[in-house]
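Enquirer: So the chains spell out like this:
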Amino acid sequence: MKILELKIRSFGKLKDRRIRLSEGINLVYGENESGKSTIHMFIKGMFFGLERGRGRAAANDAYSLYEPWENPNFYSGAVRFESGGKVFRIDRNFDRYSKKAELYCEDDGEEMSVDDGDLQILLGQFSEGIYSSTVSVGQLNIQPGQALAAGLRNYATNYFASGGGDLNIEQALLRLKERRKEIDRQIKEGFRVKQEKREQIEQEASYIWREIHRLQTDRDNLKEKIAYRREHKPAKEEPENNRVIDGLRPDKWRIHPLEILSFVAAVVLVFVFIHRPWNYLVAIVLALLCLIYTWNRLKVSKKQEKTEPERILEEIMPEEEKVPLEKLCWELERSEEELGEKLVQYNNLREQLEEMDEMGEEFWEQEKQREAVDIAADKISELSAGLQKQMEQKMNDLLSAMICEFTGGKYTRLLIGEGFKMSLLKDGRRIPVEHLSRGTAEQVYLALRMVSAGVFQEEEFPVMLDDTFAYYDDIRLKYVLGWLGRNKKQVLLFTCQKREEEALKELGIKYRKIEI
Amino acid sequence: MRAREIWEGLEKIVDLCGEREADLLLIAGDLFHRQPLLRELKEVNGLFSQLEKTHVVLCAGNHDYLKKDSYYRRFDWCSHVHMIQDSQLECVDLPEIGTAVYGFSYESKERTDKPYLGKQAKRLRQTEILMVHGGDERHVPVKKEEIAGLGYDYIALGHIHKPQNVVPGKMAYCGALEPVDRNDTGKHGYIWGEITDKSCRIQFVPSAAREYIHTDVQSSRGMSGSELKRQIKQIIEEKGIENIYKIMIKGFRSPDIRFDLKAMDIYGNIIELIDDTKPSYDFEKIKQQNKDNILGKFIGQFEGCSEDSAQYRAMCEGVQALMETRRD
Numbered sequence: 013m014k015i016l017e018l019k020i021r022s023f024g025k026l027k028d029r030r031i032r033l034s035e036g037i038n039l040v041y042g043e044n045e046s047g048k049s050t051i052h053m054f055i056k057g058m059f060f061g062l063e064r065g066r067g068r069a070a071a072n073d074a075y076s077l078y079e080p081w082e083n084p085n086f087y088s089g090a091v092r093f094e095s096g097g098k099v100f101r102i103d104r105n106f107d108r109y110s111k112k113a114e115l116y117c118e119d120d121g122e123e124m125s126v127d128d129g130d131l132q133i134l135l136g137q138f139s140e141g142i143y144s145s146t147v148s149v150g151q152l153n154i155q156p157g158q159a160l161a162a163g164l165r166n167y168a169t170n171y172f173a174s175g176g177g178d179l180n181i182e183q184a185l186l187r188l189k190e191r192r193k194e195i196d197r198q199i200k201e202g203f204r205v206k207q208e209k210r211e212q213i214e215q216e217a218s219y220i221w222r223e224i225h226r227l228q229t230d231r232d233n234l235k236e237k238i239a240y241r242r243e244h245k246p247a248k249e250e251p252e253n254n255r256v257i258d259g260l261r262p263d264k265w266r267i268h269p270l271e272i273l274s275f276v277a278a279v280v281l282v283f284v285f286i287h288r289p290w291n292y293l294v295a296i297v298l299a300l301l302c303l304i305y306t307w308n309r310l311k312v313s314k315k316q317e318k319t320e321p322e323r324i325l326e327e328i329m330p331e332e333e334k335v336p337l338e339k340l341c342w343e344l345e346r347s348e349e350e351l352g353e354k355l356v357q358y359n360n361l362r363e364q365l366e367e368m369d370e371m372g373e374e375f376w377e378q379e380k381q382r383e384a385v386d387i388a389a390d391k392i393s394e395l396s397a398g399l400q401k402q403m404e405q406k407m408n409d410l411l412s413a414m415i416c417e418f419t420g421g422k423y424t425r426l427l428i429g430e431g432f433k434m435s436l437l438k439d440g441r442r443i444p445v446e447h448l449s450r451g452t453a454e455q456v457y458l459a460l461r462m463v464s465a466g467v468f469q470e471e472e473f474p475v476m477l478d479d480t481f482a483y484y485d486d487i488r489l490k491y492v493l494g495w496l497g498r499n500k501k502q503v504l505l506f507t508c509q510k511r512e513e514e515a516l517k518e519l520g521i522k523y524r525k526i527e528i
Numbered sequence: 002m003r004a005r006e007i008w009e010g011l012e013k014i015v016d017l018c019g020e021r022e023a024d025l026l027l028i029a030g031d032l033f034h035r036q037p038l039l040r041e042l043k044e045v046n047g048l049f050s051q052l053e054k055t056h057v058v059l060c061a062g063n064h065d066y067l068k069k070d071s072y073y074r075r076f077d078w079c080s081h082v083h084m085i086q087d088s089q090l091e092c093v094d095l096p097e098i099g100t101a102v103y104g105f106s107y108e109s110k111e112r113t114d115k116p117y118l119g120k121q122a123k124r125l126r127q128t129e130i131l132m133v134h135g136g137d138e139r140h141v142p143v144k145k146e147e148i149a150g151l152g153y154d155y156i157a158l159g160h161i162h163k164p165q166n167v168v169p170g171k172m173a174y175c176g177a178l179e180p181v182d183r184n185d186t187g188k189h190g191y192i193w194g195e196i197t198d199k200s201c202r203i204q205f206v207p208s209a210a211r212e213y214i215h216t217d218v219q220s221s222r223g224m225s226g227s228e229l230k231r232q233i234k235q236i237i238e239e240k241g242i243e244n245i246y247k248i249m250i251k252g253f254r255s256p257d258i259r260f261d262l263k264a265m266d267i268y269g270n271i272i273e274l275i276d277d278t279k280p281s282y283d284f285e286k287i288k289q290q291n292k293d294n295i296l297g298k299f300i301g302q303f304e305g306c307s308e309d310s311a312q313y314r315a316m317c318e319g320v321q322a323l324m325e326t327r328r329d
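Heads up: the sequence lines are chains V and U, in that order. Mind the numbering: the first sequence is residues 13 to 528 in the numbering used here, read in order. Mind the numbering: the second sequence is residues 2 to 329 in the numbering used here, read in order.
Check the hints yourself; a few may be wrong.
[To be verified] Quick list of in silico lysine-lysine cross-link-like pairs, BS3-like style, CA-CA up to 30 Å:
| id | chain 1 | residue 1 | chain 2 | residue 2 |
| --- | --- | --- | --- | --- |
| 1 | U | 43 | V | 235 |
| 2 | U | 163 | V | 206 |
| 3 | V | 380 | U | 286 |
| 4 | U | 230 | V | 206 |
| 5 | V | 200 | U | 230 |
| 6 | V | 209 | U | 110 |
| 7 | U | 251 | V | 206 |
| 8 | V | 206 | U | 110 |
| 9 | V | 391 | U | 292 |
| 10 | V | 380 | U | 279 |
| 11 | V | 206 | U | 263 |
| 12 | U | 68 | V | 209 |
| 13 | V | 438 | V | 422 |
| 14 | U | 288 | V | 406 |
| 15 | V | 406 | U | 286 |
| 16 | U | 247 | V | 380 |
| 17 | V | 189 | U | 43 |
| 18 | V | 193 | U | 69 |
| 19 | V | 193 | U | 288 |
| 20 | V | 401 | U | 292 |
| 21 | U | 43 | U | 69 |
| 22 | V | 391 | U | 288 |
| 23 | U | 123 | U | 199 |
| 24 | U | 247 | V | 209 |
| 25 | V | 391 | U | 251 |
| 26 | U | 120 | U | 163 |
| 27 | V | 206 | U | 247 |
| 28 | V | 206 | U | 279 |
| 29 | V | 401 | V | 422 |
| 30 | U | 234 | V | 206 |
| 31 | V | 189 | U | 263 |
| 32 | V | 401 | U | 288 |
| 33 | U | 234 | V | 380 |
| 34 | U | 247 | U | 288 |
| 35 | V | 189 | U | 110 |
Derived by calculation from the structure, the hints in this document are not laboratory data.
So that you can see chain V by itself, here it is in the shape it has in the complex (with noise of 0.2 Å):
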């Protein structure tokens, strides 16, 4: 990317200017005060925006800073560039009343959305973050910041560990945790159904336990009851004052007719044989002995009495103990045959439980899909951390190479190790970059700095400079402006001293100076 020219209509203390950049270096000369700065964050302004912070954060905040003392409703610019091999305008107003940005293709007319994001799609990876970190060196401002720490992780886990812009490795692992979860709760599923079912039949089991205990209990007492019985059978059957004559009794009679008829004949013929006045008295004895006889047949039938014995039996026993043996027997014998057949249904629960221990064809294929999800994320994950690794061995060799240029061959290895600390390696000796001279620490930046964004952008972008070099010496500058010239499209070098001119003279480098 090139950037053609800058139109500020206000913007900082900067009204109505026009500059135009070329190719190679442009050298941005002004004195203190003069705006370079402010020309800087235009820059930036125009690319990336630049919003109104708020609330106390909003009095000193760049808005705040480079918004126009008069007239701030024309707080607006323009900036083409070249991008693709077409040219681009944007404008921008950054007036928070009439606030807006267009973007269009001066080639064919083609009017561009910001909002929609097809300035992103011109810059690619450049974040605004990406972009201070890297191309923009603003003024004593070179150690990169955060946003280029994380960055450049996120760059390694993601982009250039996949080898392609595209590709999202986080993500893709991530899809591939979701995948082995969701086959985890299918295979859940599957137990859940299982256990359900194997519930079922447990339960089933346990009921008919149950029957078979009550069955087992009903039996044990029907035994006790019939052998109870058994036992006590004679002593029932054992006749009550049954005499002869009770037998010869027609059922239902208590009393005989004939019993009466000779009890009648008897009074008769005692009354006959016998003679006067014996017979009456006799006659009437014998009557009465007869009456009362009748009389005790009558009521002994009418009630009868039961032995003490008997009677505490039939408080103990409910009402059904009294059913005939008969049918005791064949309960007896229907509640074994229930029993055994409670038993084999038992067995055969349980059988079938056991044989539900065995894994079912499904959960095998959700176990294989589910080991094909692993095997894919260790690759996935090992292939990537050997890219990484190789990423990071192609940023040290390139940080090693341009360090090396930058110091005319005094360091010729430089480390990012872990947490992108910085080391030099001189005579086999590690030194940390804090323990360096300041220049040389500057130098060690922005060789981060420019590798970085080689990383990051797809295009070139320009490189801005801000009053970088103070810390170098003469020789360094030279090494560094060297490498800027052979190496950078476009170069835009803020600076109030002279000793940059004379620098790029002395190397024979063109340049497009621009006053301020």
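Starting from the structure of chain V, add chain U where the hints point.
Expert: For chain U alone, coordinates are given in the frame of chain V:
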């Protein structure tokens, strides 16, 4: 419901025996899936008692083996039903039909011996039949060479659910009368046989009310869920909606489609539906296009894996995950 049908299957056979006045009904074990209940035996006996001219010979198989307290041991079958109680070869002599049936029962769930070994037909009667339940390593291995030479006119085999002719016209599995397991695919029924002086002719007759069918449905690139559903419906309608299906969806599907398997069971007769489709990625092409990045390298890792290996599945899963999470 299915239990009812299976029972009806037996009823059908008994009716058939009655109608055709068959001499003999052979049941080569596993009449019951588990230990029979007394009431079940009574019911079966009741069914058999309808037969006037047919003798029934049955033995106990590995499922309904003669447990110590099995009802089989003390059940009082009607006179023309003969239950083989011996675990060694026993002869059921049926002089009325000039036949002797030899067989044995199981007394445990498994037995690896071969009770038929070296037991030549005694030639008591004109027709001699051997009945063997078994046929795999843990259940009386059946070696047809060892059995065929024993001199029986026919050998009725049981245990294997799938009907098959072991020695044509001489030795066969009739299979399960009704398919009872989801893997009992194909036709099921009984064997109708006729033994005359000189020959034995047998014929398998399908009689099962339903069939378990395993079938594949081919899915093609770009096929949507509803199209697939329609196709499954059509296949089921062609093969009969009374059957029970296990369907495997094969072929390719668009990578962004996952079929909703629950919605496919229109007639409620699919017991298993497996999605075995592979995302229709052209792995070779993807590999070529991405040879410098992780995707290409990832595919390269699985070079030469067979399509049914876990490795291949892993590749599908990985490629899908990588492709679907691409930034646009």
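Enquirer: Each of the hints needs a verdict: does it hold here or not?
Expert: Do the hints match the structure? See the list:
no.	hint	result
1	43(U) / 235(V)	holds (26 Å)
2	163(U) / 206(V)	holds (27 Å)
3	380(V) / 286(U)	holds (27 Å)
4	230(U) / 206(V)	holds (27 Å)
5	200(V) / 230(U)	holds (27 Å)
6	209(V) / 110(U)	holds (24 Å)
7	251(U) / 206(V)	holds (27 Å)
8	206(V) / 110(U)	holds (24 Å)
9	391(V) / 292(U)	holds (16 Å)
10	380(V) / 279(U)	holds (15 Å)
11	206(V) / 263(U)	holds (18 Å)
12	68(U) / 209(V)	holds (26 Å)
13	438(V) / 422(V)	holds (8 Å)
14	288(U) / 406(V)	holds (24 Å)
15	406(V) / 286(U)	holds (28 Å)
16	247(U) / 380(V)	holds (19 Å)
17	189(V) / 43(U)	violated (58 Å)
18	193(V) / 69(U)	violated (49 Å)
19	193(V) / 288(U)	holds (28 Å)
20	401(V) / 292(U)	holds (18 Å)
21	43(U) / 69(U)	holds (19 Å)
22	391(V) / 288(U)	holds (15 Å)
23	123(U) / 199(U)	holds (18 Å)
24	247(U) / 209(V)	holds (21 Å)
25	391(V) / 251(U)	holds (26 Å)
26	120(U) / 163(U)	holds (27 Å)
27	206(V) / 247(U)	holds (19 Å)
28	206(V) / 279(U)	holds (29 Å)
29	401(V) / 422(V)	holds (26 Å)
30	234(U) / 206(V)	holds (28 Å)
31	189(V) / 263(U)	holds (23 Å)
32	401(V) / 288(U)	holds (22 Å)
33	234(U) / 380(V)	holds (29 Å)
34	247(U) / 288(U)	violated (35 Å)
35	189(V) / 110(U)	violated (44 Å)
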